[in-house]
Amino acid sequence: MAQVTLTVNGKQRTAEVEPRMLLVHFLREQLMLTGTHVGCDTSQCGACTVLVDGRSAKACTLFAVQADGSEVTTIEGLADGDALHPLQDGFWEEHGLQCGYCTPGMIMSAVNLLNDNPAPSEAEIRHGLDGNFCRCTGYQHIVNAVQHAAGTASKE
Amino acid sequence: MIPSAFEYERATSVDDAIAKLAATGGTGKLIAGGHSLVPLMKLRLNEPTTLIDIARISALVGIRERDGLIEIGAGTVHHDVATSALLGAQCPVVSDTAATIGDPQVRNRGTIGGSLAHADPAADYPAMLLAVDAQIHLQGAGGPRVVAAEDFFQDLFTVDLGPDEIITAVRFAPVRAAAYAKLYQRASRFAIVGVAAALEVTDGAISAARVGLTGALSSAVRLSGVETALVGQPATAATVATAATGAGAALSDVSADLHASEAYRRAMVSVFTKRALEGALARLSA
Amino acid sequence: MAASPVLPKLVGQRVKRREDPRLIQGLGTYVDDIKIVGMQHVAFKRSDLAHARILSVETSEAAAMPGVEAVLTGAQIAEFVDPMPIGTPFPSPDHRAVATDIVRYVGEPVAVVVASDRYLARDAADTIVIDYEPLPAVVDPERAMTGQPTQVHADFENNLAVALVPGGTGVSADLQTVDDSAVDAAFAAADVVVSQRMHNQRLAPTAMEARGVVAHYERGKDTMTIWSSTQNPHILRTFIAGMNGMGQDQVRAIAPEVGGGFGAKINIYGEEYVVAGLSKKLGLPLKWAEDRSEAFLATTHGRDIIGYIDLAATRDGKVLGMKLRLVADIGAYNMLLTAAIPTLTMMMANATYDIPAIRATLTEVFTNKTPTDAYRGAGRPEATYFVERGMDILATELGMDPAELRRKNFIQPDQFPYATQMGAVYDSGDYEKALDLGLKNADWDAMKQERDAARAEGRLVGMGLAMYVEVCGLGPSSSLPTGGWEHSQVTIERDGRISATTGASPHGQGNETTFGQMLADQFGVPLEHITIHHGDTGVVKQGIGTFGSRSQAVGGTALHLAGGKVKEKMAKFAAALIEAHEDDLVFEDGRISVKGVPDSGKTFAEVAGYAYVPVPLPEGLTPGLSEEAFFEPANNTYPFGCHISLVEVDRDTGEPTLLRLVAVDDAGNLINPLIVEGQIHGGLAQGIGQAMIEEVAYSEDGQPLTASFMDYAIPRAADFPRFELDNTVTPTPVNPLGAKGVGEAGTLGSTPCIVSATVDALSEFGVKHIDMMLRPEKLWQIIHGGQS
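Chains as they are written, first to last, in this note's numbering: chain A, 1 to 156; chain B, 1001 to 1286; chain C, 2001 to 2788.
One chain only, chain A, in its complex shape:
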């Protein structure tokens, strides 16, 4: 067992974990932050995306011990109290989700995207989401959602 201390959504958390405990399982099963999902086991789908020290990462491809000392932000930590994050608002306004399973990871990736590029083109948005699969929406409303958050939505 190894001791890890992480700051998750602004709160410091210390726990004993097996070294092989994946960050996503640590978040979900030890911290009960079940908003981060698991959608594959080969690091493609992005359902498990969280921010580690401010950058998007697939929590299924990271051991909790590797993130020792890091700041982790999950979907649960995105809103400011009752005020939704602009991307959460965008996904709601633009119908950017259906079953909702990919949504937390998709939103966290979009946070990374807009941090890097606050006014992305449509093509940049689509490529910025290369690491996230959605099987429900066909992505068009997700693109709209990101544009909504970025304030780049064009009237069709």
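Since the hints were derived computationally from the structure, they do not count as laboratory data.
Virtual Cβ for every residue (Gly too), placed ideally from N, Cα, C.
Wrong hints could be hidden among the right ones.
[Claimed, not checked] Part of the chain A face toward chain C, derived, beta carbon under 8 angstroms:
no.: 1; residue: Ile75
no.: 2; residue: Glu76
no.: 3; residue: Trp92
no.: 4; residue: Glu93
no.: 5; residue: Gly100
no.: 6; residue: Cys134
no.: 7; residue: Thr137
no.: 8; residue: His141
no.: 9; residue: Ile142
[Claimed, not checked] Chain C regions said to be covered by chain A (calculated; three or more residues, Cβ under 8 angstroms):
no.: 10; region: 2014 to 2021
no.: 11; region: 2708 to 2719
Go by the hints and put chains B and C onto chain A.
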């Protein structure tokens, strides 16, 4: 999917990492970003007894100019390579190549050293490192060692890296007239074929050419036949088209899988050699 | 409840979803989010051979590991889990949830581990050693039909699951007599006959949430609660009760948030029976969460039907007759609806056309692959694909514009209801209207010019068009062994808020929003005052589930009827309270009042309160406001549309790129156009995925070659242009809402229109048809004749 159990240690320096690695007697593995290793561990295709985490060794991270060369620390993540202003200005093919790897999350964690050590035959970096004629800097208990990229990639998942050695950096002389062209495997986003080409041109004629290929064989190689066909010729579209034509046909032991047969891969080697060379030419005039 | 300001009507509006606040904050609860004190984890050891006899299963090392509660072989599971039932009337081989003697596909369960956490369960499963005697495997259904090289099931000769079902013109209702004379005459009279073999390839549904089950048998109460990522908890309850010797009153099935289904979560799987049965046997709450790597093997696949089509036509393009021979590769076993899915392909063989004579036949074949079952569209996309591709081949043969060929053969608006030769009765339609709108929105003639201009530059650009008609709104009960109705209960609570249930258990369809919109309008109350309950048999008394685009057309109608009943009763209470005649009352803006005199009434809450403390009790009324309704549709609905695409193929690499996708869909009346758009977008994505990048592949010996997202591609955001949507509205007479259903529509037209566009792009090479997926290498070979 769940990996089997292992011990975990964090190395504080390169020397510490080498010592810890040696102590595992060959059953340990270094981990930086883990984006090559962790997926294999989850599938239990790789079951190290100990992981030695080198991600926080600051000496391994960063992109800088040194002795007229550009050095990329082995622990530098793909995202930083893809967005480096230094590389963008002096050797954009490196950034371009990094930008084709995986996806944003993978690029945020995966490192150049990890990619090279893993030596996936369809990885993108090896082709580019061959084209820029990079040196791979290693360190082991016996001290540092430098291997030319051309000698480093040996076979399927096999590189010139001892069991107790660590990759510390890659260095290369910047070259502006270079480009990477890649046929994506649509599922994995690895390269079915990836070609990097670098040209040196003097008075309108190609004075030197290096072309690196990934994806088509068990490991990355230089396309020396193409290079020979280029040198001494005028730096024109016609030249590169001619030189690229036979690139695929000249290869032996071309890979075949669900995504591309041997014949298709051969053809795509020629196509992407041409595209990479055209990209390099375009940089020449830019 | 205070009187509200004027409430806008919501039906027909782009209302944003009520489901979203929890989902965008990570607060939804999916199966794997559930924890129960004492819960143990289940792992399955699966076959890595496609066909083999099990000689021994060595479990002692696993059983001895600390934290391991139980390890069971197939034989031990068979002691308390019966062979798996199916939901179709076709003959079916013995199918054990965990194999006892022979494994028949890679991924079939062979042993089961129960351990204290999922890591340990996996460790233990890894130690199980199975000794196999390999048997020959068969992966090609047409080879399997010869009985060679193996029999998947000993008692199904030549691997025929369904030997040959005839359909169409001249087939008697009992299928016993087949008169070919009309079909033969049509072909004899034809100027032109075109023929083509096509493969509608095997796909992996890949809902982003793989499957998962939690089962909790409570010994003290003799009750079972099962949480499952399912599209139909009521059907699950029925089967779990039956398999465990329990009454349906003793089993509660819950579909919590479900992360997509696409048909693959209709089936009741062996893992569900095993986890439930083991929970009962061990007296422990148990969880199993499927890995993606397992899902590619263990969750049913879709499609995989070969179609041989022959079309007979006059020189001027009137189709006289059609033959369609279908061979469905159903994999190793019959699952819940497996055998029925290809019958839907046969049922929709007319497509949108008035074809005088049709002969269709269907054969279903066992192979050593994962079983197939429903996948988005389930049989209908295959029919659309075969017929639409056939029409394009015919158009090319005749030198006709593909749109004009279709126009010439449509079933006309005045022919509805239209009884097809295949036994379907199309409810309503105006196909030419959808075609015309599609042509207008695509600017078909300008598109042709654009294509021709691109070709003049040496680019390979092509355009494709496909019409579709789909059977949706499934039932009625005569066509569904589960029952084809839906159920709802609407309750006006004592405080004037509304609780409603629906048996149509959603997994992304947004029923909480659309059904809320309907009730808000029906009762003149704010949407925020309404809660829609679903997915829990302990709360929702009865139901069938969500599949076959039936939520709105069948579930929505049940809700509407239940709402109508309770409204009628509420009006009686209101009439008594405000001393008016119930026929003069209106429900508006949170009040019930005399029409035209808003101040005359009472608030909704006041009337509700009165109904629960009815002093005095109006004559003829009982207290309370809660009514239920079952709705059994008299017929299916038949939405339709027209999809048009523009595709460019890279001459050097063969890579196809979708440049434009224009869709016109007619789903009848729409409750929420925003949600409908989302459904169409998602359907298009899956239809495009099938055409361009998705294909489950096996090696000759039955090893899966696409067993992870490393090898099985599903579309990413950058794979698509912005879709161009529009709609026509042709209400259905089948239900009072006039709604037809839309969930699967997008998958139907997009697939053939993209293949047609790609064939068109490569027309200079003389190609007439290309089987999916449009693998770049395949296209490159057509362009380059196989030469490098």
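Now the hints, each set against the structure:
1. For Ile75/A, the shortest C-beta to C-beta distance to chain C is roughly 4 angstroms, which falls under 8 angstroms, so the interface hint holds.
2. Below 8 angstroms, beta-carbon pairs count as interface contacts, and Glu76/A has one with chain C at about 5 angstroms; its hint therefore holds.
3. With 8 angstroms as the threshold, the beta carbon of Trp92/A comes within range of chain C, its nearest partner Cβ sitting at about 5 angstroms, so the hint holds.
4. Among the interface hints, the one on Glu93/A holds; its C-beta lies about 6 angstroms from the nearest C-beta in chain C, closer than the 8 angstroms criterion.
5. A cut of 8 angstroms between beta carbons decides the hint on Gly100/A: the least distance to chain C is about 3 angstroms, and the hint holds.
6. Hint status for Cys134/A: holds, given a least beta-carbon distance of 7 angstroms to chain C, under 8 angstroms.
7. Because the smallest distance between the Cβ of Thr137/A and any Cβ of chain C comes to about 6 angstroms, under 8 angstroms, the interface hint for this residue holds.
8. Interface restraint check for His141/A: the shortest CB-CB distance to chain C comes to about 6 angstroms, inside 8 angstroms, so the restraint holds.
9. The beta carbon of Ile142/A comes within 7 angstroms of a beta carbon in chain C, closer than 8 angstroms, and the hint placing it at the interface holds.
10. Only residues whose beta carbon comes within less than 8 angstroms of a beta carbon in chain A count, and the region 2014 to 2021 of chain C has 5; three or more means the coverage holds.
11. Only residues whose C-beta sits within less than 8 angstroms of a C-beta in chain A count toward coverage, and the region 2708 to 2719 of chain C has 8 of them, enough to reach three; the restraint holds.
Figure legend: structure checked against the earlier numbered hints; every hint is met.
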